[in-house]
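Make a model of the complete structure from these sequences and hints.
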Amino acid sequence: MSVLVVVECDGGEVKKSSLEVASYGSQVAQMLGTTATAVAVGEATEANLAKLGEQGITKVLHDAEPRLKDFVNGAYTKLIAAAAQKEDAKVIVLANSNIGASVGSRLSVRLQASIATNVVELPKTDGGSFTVKRGAFSGKAFADVKLDGDRKIIAVKKNSIEALHEAGKTAQVEAFSAQLTDADFADAPKQVVMQDQAGGILLPEADKVVSGGRGMKGPENWNLIEDLAKALGAATACSKPVSDVDWRPHHEHVGQTGITVSPNLYIACGISGAIQHLAGVNSSKVIVVINKDPEAPFFKAADYGIVGDVFDVLPKLTQAVKELN
Amino acid sequence: MKFLVCISNVPDTTTKITFTPDNKEFNKAGVQFVINPWDEYALTRAIELKEAQGGGTVTVLNVGEADTEPNIRKALAIGADDAIRVNAHPKDAFFVAQQIASIAKDGGYDVILMGKESIDYNGFQVHGMVGELLNIPTVAPAMKLDMSGNTATLEREIEGGKEIVEVNTPFVASCQQPMCEPRIPNMRGIMTARTKPLKVVEPTADAARTEVSSYALPPAKQGVKLIPAENAGELIKLLRNEAKVI
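Residue numbers (our numbering), protein chains in the order written: chain A, 81 to 405; chain B, -10 to 235.
Don't take every hint at face value.
[Unchecked claim] Far from chain B, some chain A residues (derived; all Cβ distances over 10 Å):
hint: 1; residue: Gln110
hint: 2; residue: Ala127
hint: 3; residue: Lys139
hint: 4; residue: Gln165
hint: 5; residue: Lys166
hint: 6; residue: Lys170
hint: 7; residue: Thr205
hint: 8; residue: Glu242
hint: 9; residue: Glu246
hint: 10; residue: Gln252
hint: 11; residue: Ser257
hint: 12; residue: Gln259
hint: 13; residue: Gln275
hint: 14; residue: Asn303
hint: 15; residue: Val368
hint: 16; residue: Asp389
[As the list claims (entries may be wrong)] Pairs of lysine-lysine, BS3-like flavour, derived with a Cα cap of 25 Å:
hint: 17; chain 1: B; residue 1: Lys13; chain 2: A; residue 2: Lys402
hint: 18; chain 1: A; residue 1: Lys380; chain 2: A; residue 2: Lys365
hint: 19; chain 1: A; residue 1: Lys310; chain 2: A; residue 2: Lys270
hint: 20; chain 1: A; residue 1: Lys226; chain 2: B; residue 2: Lys13
hint: 21; chain 1: B; residue 1: Lys13; chain 2: B; residue 2: Lys94
hint: 22; chain 1: A; residue 1: Lys170; chain 2: A; residue 2: Lys220
hint: 23; chain 1: B; residue 1: Lys13; chain 2: A; residue 2: Lys372
hint: 24; chain 1: A; residue 1: Lys396; chain 2: A; residue 2: Lys365
hint: 25; chain 1: A; residue 1: Lys220; chain 2: B; residue 2: Lys80
hint: 26; chain 1: A; residue 1: Lys220; chain 2: B; residue 2: Lys214
hint: 27; chain 1: B; residue 1: Lys185; chain 2: A; residue 2: Lys380
hint: 28; chain 1: B; residue 1: Lys233; chain 2: B; residue 2: Lys210
hint: 29; chain 1: A; residue 1: Lys396; chain 2: B; residue 2: Lys233
hint: 30; chain 1: A; residue 1: Lys270; chain 2: A; residue 2: Lys149
Note that these hints are calculated values from the structure, not bench results. Backbone N, C-alpha and C define an ideal beta-carbon position, used for all residues, glycine too.
In structure tokens, the structure reads:
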């Protein structure tokens, strides 16, 4: 028996959210008195996979099939199922990402496992039961969920678990083949279009986000958002009205029907804070709101606020960050 | 082409969330329920595709008790042709997925659509479970869906980009914006919805694999600390020294 963690890799690197997943898995393994094995998906290098030892991983299974570089639901599911069989995994941990949820939900049926997504804490395992805490009601509540049965799948929400860093420890990387065939690649992408990311920081992975709303008055003013984001090393985002009128692309829209983010720092500029927007950001650790309207509802959900004109305040903040650095 | 659109009955977005005194259930008292906002993309896109094909049917499916029928009627008013309600409390994602898979199999549906996730449980699981139960492809979350004959071209969102994927029917897709502009019912739709068929069936399988043992609300925010606009740079110092996030 073991714990299996699924690590997503991109451009040879293990994604930050997967370092958290690996750390979660190795801590669960310790609770259960076993070891944690990782299985890699995406484009990975052996050197980076070996470094997963720092997150407490003992062994990494790596299938070098080149078509695994891009996300293919069928192939990823078969690969992870094969790894789970090989390792006799009782608990499988993945990221609560589009890939994690797509694969995890299929795996739960294939492996007859119970599954919880959006998980924010390590499990409680008192008295033989296995309970995890997960976000529900679009960030407005938490649910403790009991997972039944012999096998469990847990999808861990980004930025809810601190990644472990035990310097110098390495994991053993082992070649592994799930014997994938063409049929497993039925949903392989014909084309992959990656976004043009300002500063190279992906919004779903970012631990700092600077976001703009209609108060920015037009796309021509987004340089103010981008300047602050660049100084902070943050990703940029926007509210729904902004993406609806095409000031910014849809993939930057955070909120109820957009992306849900949970960064350490979320700075909202000229966003009033409609409940639909809050649903996408309310699990951020620190929320800063800049708005000229002191009655903007967002101030109620904020930790820090500035009542003022974004066109005046943003350059001052950018300057202050540059001075601090 | 036969479309099956799965809808969930959820508390309106603006609902203040409270629980029953034992914290085991959501407190429905006085709460307005709506069609899950993500499911509206699935429903509208199915109707648009049917119209473009000049034939076919859109069936709405809900797993829920009788109190979900007003929202099923609303889906019929928006333009679905008929509806099925599986008469059961939706215990968990697996329970719901089994009902959907059973109906989809018996009905021979070509395209099974649903929203990315429900705004109450936020599971994002049912799509994959249904696909696996039926042994057909799942594309999740889909931002775009076009059909040409039996082949669908979809845009699947991945972190930081999108994949263009082609699959043949039957398949499952979980939908999100910007797939379409969700429609709202018009008066004619509301009138015709009253007489469209709504079939009630009993659940076919009973198994659930998870159970919510308790709900809790997040700790209340401490209140906002306001920094004067003329002294905006002070905020950056607080973020470093007090909040320790930069």
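Against the structure, the hints come out as follows:
For Gln110/A, the requirement that its beta carbon stay farther than 10 Å from each beta carbon of chain B is met, with the minimum near 24 Å. The claim that Ala127/A lies off the interface holds: its Cβ sits roughly 22 Å from the closest Cβ of chain B, which is beyond the 10 Å cut-off. Non-interface status of Lys139/A relative to chain B is upheld: no Cβ of that chain comes within 10 Å, the nearest being about 26 Å off. Gln165/A, annotated as away from the interface, keeps every beta carbon of chain B farther than 10 Å; the closest lies near 16 Å.
Lys166/A, annotated as away from the interface, keeps every beta carbon of chain B farther than 10 Å; the closest lies near 20 Å. For Lys170/A, the shortest C-beta to C-beta distance to chain B comes to about 14 Å, beyond the 10 Å cut-off, and the non-interface label holds. Chain B leaves Thr205/A outside its interface by the beta-carbon criterion, the shortest separation being 13 Å against a cut-off of 10 Å. No beta-carbon of chain B is positioned within 10 Å of the beta-carbon of Glu242/A; the least distance is around 13 Å.
For Glu246/A, the condition that its CB be more than 10 Å from all CB atoms of chain B holds, with the nearest at approximately 22 Å. The Cβ of Gln252/A sits about 28 Å from the closest Cβ of chain B, beyond the 10 Å cut-off, so the non-interface label holds. With 10 Å as the threshold on Cβ separation, the claim that Ser257/A sits away from chain B holds: the shortest Cβ distance comes to roughly 22 Å. Residue-level check passed: Gln259/A sits 18 Å from the nearest beta carbon of chain B, beyond 10 Å.
Separation of Gln275/A from chain B is inadequate, the least Cβ-Cβ distance of about 5 Å not exceeding the 10 Å criterion. Even its closest Cβ contact with chain B, about 18 Å, leaves Asn303/A beyond 10 Å, as expected for a residue assigned away from the interface. A beta-carbon of chain B comes within 10 Å of the beta-carbon of Val368/A; the shortest separation is about 7 Å. A beta-carbon of chain B comes within 10 Å of the beta-carbon of Asp389/A; the shortest separation is about 7 Å.
Note on Lys13/B and Lys402/A: the hinted pairing is violated, with a Cα-Cα distance of about 49 Å set against a maximum of 25 Å. A hinted pair counts as satisfied when its Cα atoms are at most 25 Å apart, and Lys380/A with Lys365/A qualifies at roughly 15 Å. A C-alpha spacing of about 33 Å is found between Lys310/A and Lys270/A, which places the hinted pair above 25 Å, so the restraint is violated. Of the supplied pair hints, the one linking Lys226/A and Lys13/B holds, its CA atoms being roughly 12 Å apart against a limit of 25 Å.
Under the criterion of a C-alpha separation no larger than 25 Å, the hint pairing Lys13/B with Lys94/B is inconsistent with the structure, at around 34 Å. Proximity of Lys170/A to Lys220/A is assessed by CA-CA distance (about 31 Å); at most 25 Å being required, the pair is judged violated. Proposed proximity of Lys13/B and Lys372/A is contradicted: the alpha carbons are some 41 Å apart, above 25 Å. At roughly 23 Å between alpha-carbon atoms, Lys396/A and Lys365/A fall within 25 Å of each other, so this suggested pair holds.
As the CA atoms of Lys220/A and Lys80/B are separated by approximately 20 Å, the hinted pair is consistent with the 25 Å bound. The straight-line distance between the Cα atoms of Lys220/A and Lys214/B is roughly 22 Å, inside the 25 Å bound, and the hint therefore holds. Proximity of Lys185/B to Lys380/A is assessed by CA-CA distance (about 45 Å); at most 25 Å being required, the pair is judged violated. In summary, the hint linking Lys233/B to Lys210/B is supported, as the alpha carbons are separated by about 17 Å, within the 25 Å threshold.
Taking the CA atoms of Lys396/A and Lys233/B, the gap is about 20 Å. The hint holds against a cut of 25 Å. Between Lys270/A and Lys149/A the CA atoms are separated by roughly 13 Å; this keeps the pair inside 25 Å, and the hint holds.
Hints 13, 15, 16, 17, 19, 21, 22, 23, 27 from the earlier list are contradicted by this structure; the remaining hints agree with it.
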